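Residue numbers (the numbering used here), protein chains in the order written: chain P, 1 to 88; chain L, 1001 to 1233.
If you're looking for bench data, these hints aren't it; they were derived computationally from the structure.
Please note: incorrect hints may appear among the correct ones.
To be verified - Partner residues are not named here, just some residues of chain P that face chain L (Cβ under 10 Å, in silico):
1) Thr7
2) Phe8
3) Thr15
4) Ala34
5) Val45
6) Arg60
7) Leu69
8) Val74
9) Ile75
10) Leu79
11) Val81
12) Arg84
13) Arg85
Keep in mind the model is a prediction, meaning the values are calculated, not measured.
Even glycine gets a Cβ: it sits at the ideal position worked out from N, Cα and C.
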Amino acid sequence: MKPYLWTFAALLALTFLTLGLSYVPMGALGIPAAIAIAMAKAVLVVLFFMHLREQRVSSRVTIVVATLLAGVMVILATLDVASRRLPF
Amino acid sequence: MAEARVGKGPVTERRREEGARHRRREAVRAHHFGDLESQVHAAQLGMWVFLAGEVLLFGALFALYAGYRVRFPEVFGEATRHTDAWVGAGGTIVLLLASLLVALSIHATREDRRQRTGRLLLGATTLGGIFLLLKGWEWMQHIQEGLLPGPYYDFPELTGQGAMAFFTLYYVMTGVHFLHVTGGVGVLLWLWWRNRRQAFDAEYHVPLELGGMYWHLVDVIWLFLWPAFYLMR
């Protein structure tokens, strides 16, 4: 039972950390910091609450590949719009 | 099958228990699987493939969000000030707590503590309901302010180009997530009912594990929606 409670405590701590950081003016670092904290929380939930830690490799491949592809999709959309000459 | 016994030797209490466990495993095993482990693994793999599809669905929506955010960075930052970070934080904590209860309910089933599983599932269902009410109340607030999607947008404090796009994405993405939470609450209620009918024990509780995985994924998606619409000022 303990690993679950520790996972929850870590998730709660990260939640308050990202909430606090959102009030700190960090300029260009603000968005990457919020995304990094959200990703850390997601990894904790997937590994411990969803038991991916104790499952076989083939289960890991599906969700890791889908997450990477979703990331590629977001990054390419960002690069596309950011590199256009306005107005488009 | 009723007389199936594991191995040979005198029938002791421990051997009788092993026999009961073996019969239970055989009763839930589909005949085309060689053993129960393969069956459980196939079910988990299938669930992960489904969840991978969900990740891609929300991935596409986040790609759209990222594209508009890069195009209208100032307006998107300004628009985020018009959602309440603390209401979002409340939703986050409610969903994380519900996830903890679901994880603990599976842990309780692995220890054959059925009543505890039932109580934890009911707790998680209640928290899911609280999240839905909170989100519904928040939408009502936005609607009264004129923060509506698409052509219905009517909010005089924020009129720059991109404001409409922000709130359209807000309603679409939190709306699709809301539908997922609603489905998740239904799944949790069904699992509670199945658990009450003694469908799960330490030997076999695949539906409970898979339903739990779905609930956790819905939680994970909110972990990204919260910064996107409440925190990135």
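Handout entry: Hint validity - P:Ile75 Cβ closer than 10 Å to any chain L Cβ
Key = holds, 8 Å
Handout entry: Given hint P:Val81 near chain L, where the shortest CB pair must fall under 10 Å
Key = Where the cut-off is 10 Å and the nearest Cβ of chain L is about 5 Å from P:Val81, the hint holds.
Problem - Per-residue hint verdict: P:Leu69, partner chain L, C-beta under 10 Å - result: Holds. Min distance 7 Å.
Handout entry: Restraint satisfaction for P:Val74 [CB to CB of chain L, less than 10 Å]
Key = holds, 5 Å
Practice task
Answer holds if the nearest beta-carbon of chain L is closer than 10 Å to that of P:Arg85; otherwise answer violated.
Solution key: Constraint on P:Arg85 not satisfied, violated at 13 Å.
Problem - Hint check, P:Ala34 versus chain L [nearest Cβ-Cβ separation less than 10 Å] - result: holds, 4 Å
Exercise for the section: Closer than 10 Å between Cβ atoms is the bar; does P:Arg60 clear it against chain L? Give me holds or violated. Expected result: holds, 8 Å
Problem - Restraint outcome when P:Leu79 is required to lie within 10 Å of chain L by C-beta distance - result: holds, 9 Å
Problem - Closest C-beta approach of P:Val45 to chain L relative to 10 Å, hint status - result: holds, 5 Å
Practice task
So, P:Thr7 near chain L? Judge it on the closest CB pair being under 10 Å.
Solution key: Since the shortest Cβ distance to chain L is 8 Å, the answer is holds.
Practice task
Tell me if P:Thr15 is really an interface residue toward chain L, meaning its C-beta lies closer than 10 Å to one of theirs.
Solution key: holds, 5 Å
Problem - chain L contact restraint on P:Phe8 - CB to CB distance below 10 Å - result: Nearest chain L Cβ about 4 Å off; hint holds.
Of the hints listed earlier, the one the structure fails to meet is number 13.
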